[in-house]
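Chain by chain, the residues run as shown.
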Amino acid sequence: MTAYLIRGASILGEGVADVLVQDGRVAAIGATASDDTSAVVVPGEGLVLLPGLVDLHTHLREPGREDAETIWSGTRAAALGGFTCVHAMANTNPVQDTAGVVEQVWRLGRDAGWADVRPVGAVTVGLAGTQLAELGTMAASAAAVRVFSDDGRCVHDPVVMRRALEYAKAFDGVIAQHAQEPALTATAQMHEGLVSAELGLAGWPAVAEEAIIARDVLLAEHVGSRLHVLHLSTAGSVEIVRWAKGRGIDVTAEATPHHLYLTDELVRGYDPVFKVNPPLRTAADVEAVRAGLADGTIDVVGTDHAPHPREDKDCEWAAAAFGMTGLETALSVVQAAMVETGRMTWADVARVMSFTPAVIGRVADQGRPVQVGEPANLTLVDPAVRRVVRPQDQATASLNTPFAGMELPGRVVATFLHGRPTVLDGALVERAGASS
Amino acid sequence: MKHLLSAGDLDRAQAVTILDTAAAMAATQERQIKKLPTLRGRTVVNLFFEDSTRTRISFETAAKRLSADVINFSAKGSSVSKGESLKDTAQTLQAMGADAVVIRHHASGAPHRLAHAGWTAGAVVNAGDGTHQHPTQALLDAYTLRRHLVGLRGGTDPVGHDLAGLHVAIVGDVLHSRVARSNVQLLHTLGARVTLVAPPTLVPVGVESWTADVSYHLDDVLDQGPDAVMMLRVQRERMGGGGFFPSPWEYTRGYGLDARRLARLPEHAIVMHPGPMNRGLEISADAADADRSVVVEQVANGVAVRMAVLYLVLAGQEQPTVDGQIGASA
Ligand SMILES: [Zn+2]
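Chains A and B supply the protein sequences, listed in that same order.
The numbering of the first sequence is the numbering used here, which starts it at 361 and goes up by one.
The numbering of the second sequence is the numbering used here, which starts it at 129 and goes up by one.
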């Protein structure tokens with residue numbers, strides 16, 4: 361296996377050292393790293409070296425919606441975005457609610473070879489919210505599922521949610537909740553507030569999210585289980601999670617890049633590229649989510665990468681699908697929203713986009729410190745570059761990025777997956793013999 | 129004026145121009161031969177994704193009286209949930225050479241998408257979209273208010289004037305009403321004061337940014353002596369699924385306009401309704417048929433206002449004149 365010498369990069373933005381990648385591991389750091397003169401040099405001067413990013417929230421769409429994304433195209437997008445591990449959400453067709461389907465997704469990911477694919481198991485059969493899926497069998501399968509979610513739908517029945525939280529304790533699983541009270545959002549199209557009132561679009565009240573989070577943290581406390589809150593988007597949600605953590609409840613929370621950066625004002629043009637679930641909220645909510653991420657109330661950034669084919673967005677607002685792509689812009693958005701605003705360091709970015717997501721997902725060989733002997737899952741970032749997002753230039757099979765035409769900072773220069781570069785010089789490293 | 133998508137897009141001068149143009153159009157309609165040659169050779173498409181015979185006929189009549197060719201395209205029943213249909217339909221109409229598309233759609237923002245998504249090059253006139261906007265309804269309401277309540281009062285057209293100083297109460301299902309949204313914006317632009325009256329369940333969260341007062345008590349607002357009361361249609365279905373109000377009877381008791389409430393209005397005040405009316409629910413027969421009710425006149429004024437709008441979006445750049453009476457440019 362070729363060795364690589366990453367020369368002169370700043371590790372987590374904290375200190376410059378050469379890093380030797382050999383046989384899938386970080387083999388040496390510092391002066392001894394350049395002892396191996398056969399290593400391919402990757403210039404890292406002025407760049408930041410991070411642990412490979414881990415996404416807890418990716419929709420790869422395969423099986424079932426290969427017109428939007430495949431595991432192959434989605435993991436290529438992940439690699440370009442600096443990710444070495446993605447958690448593939450369960451709302452595929454067929455649903456990832458059996459060992460057979462999660463193993464299929466896991467194998468397709470392994471065969472594609474662009475990122476480790478960790479399937480998320482459905483909490484309930486068919487995401488229907490009534491009967492628990494075979495969580496234990498999925499956990500024991502080759503895919504070793506630890507994260508369970510009906511994402512896209514809320515496990516709204518409190519009894520089902522309680523049972524799921526309890527049951528997952530047996531195999532150290534976590535229930536990742538999409539918090540959306542269904543009756544309060546039956547016809548909802550966008551955040552309920554000043555803009556929805558004017559646009560005449562049915563409102564999505566913040567309370568529909570907050571009420572479920574409040575209920576779930578209390579359930580998690582009652583049964584002593586682990587709860588993960590997906591894509592929280594409101595100031596009230598941040599406060600509830602902060603309160604729950606203060607009480608010692610075992611809850612973790614996620615924010616998406618778009619909820620850190622975009623507001624409901626963007627809906628005024630009725631362009632469905634801004635239609636997403638949960639909806640874009642107000643500037644005050646964005647500020648609260650940023651503050652929550654900075655102070656640790658929110659543990660991770662998850663992309664909620666949700667590709668859709670063109671016809672599902674090239675239409676009137678009400679007819680359009682919910683969701684936006686995010687794998688190839690997430691790190692840049694976090695840099696813009698958190699690093700350039702002085703609220704987070706690169707070490708903090710490593711924490712919320714790699715270390716902590718891997719801990720929540722119980723992924724042993726991802727999200728590890730950049731130290732000798734650790735698996736060489738690494739991301740090299742050039743924070744000085746500014747780039748305009750062009751949907752057609754992305755590796756994802758879909759065009760629905762809300763950042764199209766926006767200038768964002770930062771670019772992933774190289775990504776290493778278990779010692780092998782998936783990205784070099786900002787471009788995918790095609791593998792001989794790999795099929796598409 | 130390239131499109132007419134929202135009453136909020138109009139400034140005072142543009143709004144007054146439309147009303148003045150409508151007045152000139154109305155004057156031509158009192159003649160034996162009502163048809164004007166103004167839009168000869170132009171094609172206007174009425175693209176209706178939602179049933180509304182009265183609005184479609186109003187636009188059709190307006191276009192025909194300006195000698196435009198009219199195509200009625202009823203897309204209702206053709207796939208409602210499949211969004212591709214609006215785009216496909218728009219491109220079909222573009223290929224057919226539509227100069228203006230009058231669109232009624234159940235989805236808020238559909239006319240905006242039609243105008244800005246690059247699907248068609250023609251002018252887009254919003255004939256009502258979801259619970260968003262119905263700008264020509266607001267314009268015909270403003271036109272009716274001006275004729276009755278500004279200047280000499282009583283059916284003359286005070287050309288050049290706005291609605292400064294008038295107080296208009298808009299009563300009913302504000303939450304779901306595109307008529308209310310358009311009127312709040314347009315009447316404010318024209319200088320009128322607007323009070324929205326509804327049970328709290330039928331007022332949108334976020335209404336605090338609107339240029340209108342909100343009251344939950346119709347009788348209190350009537351005591352303020354409004355110059356006009358505009359009653360909104362209340363759909364009986366709104367009681368289902370969660371229920372915006374407990375019963376029709378309780379709604380009528382709190383918010384219906386009947387003879388008793390009619391009597392509390394100032395003598396000059398007028399009663400309006402965009403139609404179709406639910407007699408016995410939001411308005412009693414006494415109120416609907418009273419002398420001060422201008423509901424029927426609103427319908428007639430709708431044709432003149434829509435003639436003005438079509439004229440201004442289609443012929444505005446060329447500034448043609450109608451028998452020398454219309455010199456206003458868009
Ligand atoms: Zn979700």
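FYI, nobody ran anything at the bench for these hints, they're computed from the structure.
Keep in mind the model is a prediction, meaning the values are calculated, not measured.
Some hints here could point you the wrong way.
Said to hold, decoys possible - Now the stretches of chain B that chain A is said to cover, found in silico as 3 or more residues with beta-carbon under 8 Å:
1) 216-227
2) 327-336
3) 407-420
Said to hold, decoys possible - Okay, the calculated beta carbon distance ranges per label pair:
4) E599(A) <-> Y344(B): 39 to 47 Å
5) E767(A) <-> T339(B): 29 to 37 Å
6) G382(B) <-> G702(A): 30 to 38 Å
7) E581(A) <-> G319(B): 53 to 61 Å
As the list claims (entries may be wrong) - One-sided and incomplete, this derived list gives chain B residues near chain A with beta-carbon spacing under 7 Å:
8) A235
9) S343
10) P376
Each residue gets a CB set at the ideal place from its N, CA and C atoms; glycine is no exception.
Exercise for the section: Check each numbered hint from earlier against the structure, then list the numbers of those it violates in ascending order. Expected result: 1, 3, 4, 6, 9 and 10
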